[in-house]
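Colleague: With chain A's structure known, arrange chain U on it following the hints.
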Amino acid sequence: MEQTLGLLDTGEKKGSKMDQDYNMDMCCEDETELELGLGLSLSSGTKAKKSTWGEYGRILTAKDFPNGFSAGRSINNGGGGVSGTKRAADFAGSNTEVGSPPTGASQVVGWPPIRAHRMNSLVNQSKVLNADEDKGVGGNDKKEHSKKKINHGNSKDDAASNKEKGNLGFVKVNMDGLPIGRKVDLNAHTCYELLAETLEDMFFKSTKSGEKEQATKSFKLLDGSSEFVLTYEDKEGDWMLVGDVPWGMFLNTVKRLRIMRTSEANGLAPRIPQKQERHEGKPI
Amino acid sequence: MAHSFPEQVLKHLFSFLASDKERNSVSLVCKSWYEIERRCRKSVFIGNCYSVSPEIMIKRFPEVRSVTLKGKPHFADFNLVPEGWGAYVEPWIIAMSRSYPLLEEIRLKRMVVSDESLELISTSFDNFKVLVLLSCEGFTTDGLAAIAANCRNLRELDLGESEVEDLSSDWLSHFPDSCTSLVSLNISCLGPEISFSDLERLIAHSPNLKTLRLSQAVPLEKLPDLLCHASQLVEFGTGAYSSEVRSDIFSNLEEAFSGCKRLEGLSGFWDVEAAYLPAIYPVCSRLTSLNLSYATIQSPDLDKLISQCHNLQRLWVLDYIEDTGLQALAASCKNLEELRVFPSDPFLPEPNVILTEQGLVAVSEGCPKLQTVLYFCRQMTNAALVTIARNRPNMIRFRLCVIEPRAPDYLTLEPLDAGFGAIVEQCKELRRLSLSGLLTDRVFEYIGTHAKKLEMLSIAFAGDSDMGLHHVLSGCESLRKLEIRDCPFGDEALLANAAKLETMRSLWMSSCSVSFGACKLLAQKLPKLNVEVIDEMGPPDMRPESSPVDKLYIYRTVAGPRFDMPGFVWTLNEDAKH
Chain A
-4 MEQTLGLLDT GEKKGSKMDQ DYNMDMCCED ETELELGLGL SLSSGTKAKK STWGEYGRIL
56 TAKDFPNGFS AGRSINNGGG GVSGTKRAAD FAGSNTEVGS PPTGASQVVG WPPIRAHRMN
116 SLVNQSKVLN ADEDKGVGGN DKKEHSKKKI NHGNSKDDAA SNKEKGNLGF VKVNMDGLPI
176 GRKVDLNAHT CYELLAETLE DMFFKSTKSG EKEQATKSFK LLDGSSEFVL TYEDKEGDWM
236 LVGDVPWGMF LNTVKRLRIM RTSEANGLAP RIPQKQERHE GKPI
Chain U
33 MAHSFPEQVL KHLFSFLASD KERNSVSLVC KSWYEIERRC RKSVFIGNCY SVSPEIMIKR
93 FPEVRSVTLK GKPHFADFNL VPEGWGAYVE PWIIAMSRSY PLLEEIRLKR MVVSDESLEL
153 ISTSFDNFKV LVLLSCEGFT TDGLAAIAAN CRNLRELDLG ESEVEDLSSD WLSHFPDSCT
213 SLVSLNISCL GPEISFSDLE RLIAHSPNLK TLRLSQAVPL EKLPDLLCHA SQLVEFGTGA
273 YSSEVRSDIF SNLEEAFSGC KRLEGLSGFW DVEAAYLPAI YPVCSRLTSL NLSYATIQSP
333 DLDKLISQCH NLQRLWVLDY IEDTGLQALA ASCKNLEELR VFPSDPFLPE PNVILTEQGL
393 VAVSEGCPKL QTVLYFCRQM TNAALVTIAR NRPNMIRFRL CVIEPRAPDY LTLEPLDAGF
453 GAIVEQCKEL RRLSLSGLLT DRVFEYIGTH AKKLEMLSIA FAGDSDMGLH HVLSGCESLR
513 KLEIRDCPFG DEALLANAAK LETMRSLWMS SCSVSFGACK LLAQKLPKLN VEVIDEMGPP
573 DMRPESSPVD KLYIYRTVAG PRFDMPGFVW TLNEDAKH
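Protein sequences, first through last, are from chains A and U.
Here the first sequence is numbered in this note's numbering, starting from -4 and rising by one per residue.
Here the second sequence is numbered in this note's numbering, starting from 33 and rising by one per residue.
Just chain U, same shape as in the assembly:
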């Protein structure tokens, strides 16, 4: 039966399979399908760069055109992973430069990228088109200059929120005039030095540019010039959005925005001068995505702006929007799917704005399509969460951060167990959840019982005992990523559910109570896992086995233990017999 279709036909059929999941399924059908599929897979996604080696990838998939790699654990975003931990892309680039001459796309997240790697990319792949570096670090504008100079067909250069060392402002000038292929450019993370003339020139000879995100260094007065060369933009990120208030600047700006008939998304808005906000009113009704999360604007300016964006699907904003603004949002933006509210000043002991659980409740009531939430606030109640859950059973990603660790329901002083319990019970499609506030083992019982589609769970300052962790590990069937900090979870739950770890991408635990001895035991029992102990105070084996480890990162791998660890990371392998 497997041979009744010629390989060509199967290949053609497989080419319609977009997702990795589908291709993975197909490759499990039988040996010949596995062989056919692997030889024609064009795009590989590797969620943990240490789970597999470049050699293994290249051996299995020889025809790859697009590679996506993720490196450091998510908690690296919050400074919990010490510098030097790893996630170097270099070995991947070197291997691919030899074996994938036709490679077109590289997408990296949380990886360390050197200038040498960038140079190698720029010279190894003739048809290189897409470079996306999200939250990466380790490179300078020299590396970018190499990309600009050598990648003749570059379509996309996205530097995400990477840390780039600014060595010279003229790297943009390395784009030759003959390069007209640019479709997407995101330099929003870059520093204070930029050459406007180079930028302008680049934009002028990029007629296909659809996405342009500028850095803070680009002043408001320059925007009209840039925009008039790029009126076909679909996504635009401003630089610093303030200037001396002058009517000529305003009218130029308004005219420039009016000219952008295809604009659907806006971002940037550092340093906003509210008087210039009306300049974007002409495009508001078309906007589906608006990122004001760096803009310190408040009502009424903020409300006026948002109330005009009837088609908004995604809004990122600071807590200056307050409950009143969120109520207005709920009334105006019925297509809203994603809301992120960031704190303007989380370290103030007293709130500086009136942003409470009421705002989120209002949006959950008024926006029927709301499915993705990230919400920082200072108070929450079980009642509010229960209401939100009832209103929005279609919720898929729910991340709530009550800023004070272990804050209870402020009205009843009870833990927020019932509230989050309602979320997982009602929202049957929930895939991602971040917890906060005062939580006991109870909430984990609810999660283990109901959150069957949950793939990623983030826990901090929660739980009473190992039972909490046990509920999660034994109950959450779809769990792929679990990250925990400052919880009293120890050895028992982990060891009792050891096999579960092989079904997950990774587990991070820091400031918990997992002992070194348990780590060794896990490593022994499960050779397909890398058990890494991160401890900057010295070798963990110099302390008793019962001592808790500072940070623990466990992930499944077919590549065996890694060898590029810094001094404070210890990998325990199965030979670690006591």
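So that you can see chain A by itself, here it is in the shape it has in the complex:
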């Protein structure tokens, strides 16, 4: 979905935590420049969860709605604070989370509308097949498909890990500094790049317009160039850097994910340098 909000302008706002005075220097309402003041923390006496992401749910009252908003960079689709209907027209063509025309159902969160419970069970069955052989999922030969199932019935280890994974297609993802975790469906991804993209969408939603983002918090979670790295806890309880093992093996062994600050990731298994596709300019 082409969103003009949900933007990450952390470079500028970082550090301005207790800024309650946002009715003063706000400029005109139909600005074309938007800014999300992250790190803007309002102490209004509600739940005291601290985070660098901003404040907590509370009931907004008249005091909270100043006559204008702060200026910032434009992250708009061709610029212009516009009415809902125009924006609707802008959006008409591109409604996926990824921002580009959907190339397949797997690009879109929550689509097709299948309950997580079912998704885990089903897709997992075919993923296990995938992990065994580097064949396309749901291989064309159905007989072979059912033969594989018999084999798995016999192999106790596989069966056990199937059943565990039966509930683990969705794994929890936590990011350092955020109190609220998310869940991601590993089975809806076929490789590390897609997973990284999804996570980047979830935690660092960025501009859709293709504007180059600031480098301060570039979040290429896989190539080690950002402030954060993607790690996972495996079946043995160890924390590993994501990306070191083949995807299928990763699926079988991952229990949950954590987006960790690079500074804290020392001591994790050293990463083999990998060439990751840059997603520059790709609307996310």
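In short, the hints are calculated from the structure, not lab data.
For every residue, glycine included, the Cβ atom is placed at its ideal position computed from N, Cα and C.
One should not assume that every hint holds.
Said to hold, decoys possible - Quick list of in silico lysine-lysine cross-link-like pairs, BS3-like style, CA-CA up to 30 Å: (1) U:Lys532 with U:Lys484; (2) U:Lys74 with U:Lys63; (3) A:Lys167 with U:Lys141; (4) A:Lys178 with U:Lys53; (5) U:Lys141 with A:Lys250; (6) A:Lys230 with U:Lys532; (7) U:Lys254 with A:Lys178; (8) U:Lys74 with U:Lys141; (9) U:Lys401 with U:Lys532; (10) A:Lys178 with A:Lys167.
What the hints assert, rightly or not - Now the in silico label distances, taken between C-beta atoms and shown as ranges: (11) U:Glu446 with A:Gly232: 54 to 64 Å; (12) U:Asp202 with A:Gly172: 34 to 44 Å; (13) U:Glu148 with A:Leu189: 18 to 28 Å; (14) A:Asp239 with U:Glu193: 49 to 59 Å; (15) A:Asn169 with U:Ala531: 54 to 64 Å; (16) U:Asp257 with A:Gly172: 44 to 54 Å; (17) U:Asp174 with A:Gly232: 34 to 44 Å; (18) A:Glu231 with U:Glu397: 52 to 62 Å; (19) A:Arg113 with U:Asn529: 30 to 40 Å; (20) U:Ser339 with A:Gly232: 48 to 58 Å; (21) A:Arg256 with U:Tyr442: 26 to 36 Å; (22) U:Ser339 with A:Asn169: 47 to 57 Å; (23) U:Lys460 with A:Arg256: 55 to 65 Å; (24) A:Arg256 with U:Glu193: 53 to 63 Å.
Modeller: The following block gives chain U in isolation, referenced to the frame of chain A:
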């Protein structure tokens, strides 16, 4: 006139009213009927846990024995509602533990349930009988152990498709041997650890058990033992249905199934070994309900099985059934009322099975009682939908999911407006509809014009403009729940039909174009609504008013704004003046 019948008589009369709707009507007749009715209402259904508070419920209905609560919006099933959104049952349990000592039944859907809540339930209600947790989360097997240990008269424990943390496999052992009241047990969602001996023991001392749904962890070889203790079962869900192919296991299994003379429904079937399917042939002719939606079996095994189930009323199956299997279904199962076909692998770019619009058309032709459909497929045509509509004007729930968003009629490349239009025009009793495929504002015009009994509508990747939403809100008189994602609907339609929202249970809109300013305006205009903005990127008021909100959930309530929201949910109330 209101006093010409003594209260006792009215109470007795009211006791024959089963549905909430009827009781609600009765309570509107006059004040004294309201008073009498409320004091004798035994069962309360709350479709949105935030629409009313426990205190209000308890105050109005002091004699309640059964409470049903639903929490998160439906789209939470598809991961669109972030974790931590809400729907905590705890305040309800605490309040009821104080005021409803005689409570017998709690049914929850999409709520967050803690172990503490379960423990409180187990110790607060002496006559507690029924616990149903559908698509719930937040509890562990420790909480279940408390229920097992303390609820002496437990009749029903149904864990639906909940997410349960497996801390120990021995929670089943907490059922005392003296507990013989169990009628229904559904543990199909539980994980890999289970104690078979505890399970067997429990089943053995539950002579009234009618429904038993096992988890995947229960292997095939164990089934004969379990079934011989429970031959009175009416509904049975297997565990993993595969094993090394051995004739002794097969014959034990077949004998066990033959012994279940009352069996009408089967489910489970994870991991199916086709060679074991014939073991259930003895019961097929009696089956009215068959859930094979986790079974990766294909023709001919699948067809052979289904063709023996002449009395089938409900079938859930994977798309391995294919068009040919559906044609066979249409020929054999003339009593079919409900069909759900799930995709075996929706993420494949190319189809792995031949399941098209033809299959659904065949079933609509061959099954005169078909009224409930959920169908995932990869292609659809207007012609097919028109045919289905003509064949089945008795359709009540029609949910079609063409897997590719915005897929057109694959033959004409037109939008599917005409097809869905035919559905709503012909099926005058339609109560639930889910749309998919390429759709313009036109389809919403049809819906607004014809779908007068429609109560729930799900829309995704559809429409061109606000007119679409306007048609729905202004035309669908019976609409209670509307959920929309990724549609170009914005402020105009919503604001123009604001009053409509107070007649509905809830509206969900995500990835649409409703501005923050409009949300505030709605909240101002309609104080009886909670307008919640869900946005994980930060406070919406830091952006211009014209910025669209990420997710919007609006629902009517008499309980006022809620206070248990997480950091990413903002409630706008009427003081939000600009």
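Colleague: Could you work out which of the previously given hints the structure breaks and list their numbers from low to high?
Modeller: Numbers 4, 6, 7, 9, 13, 14, 15, 17, 21 and 24 - these are the hints that the structure violates, sorted from lowest upward.
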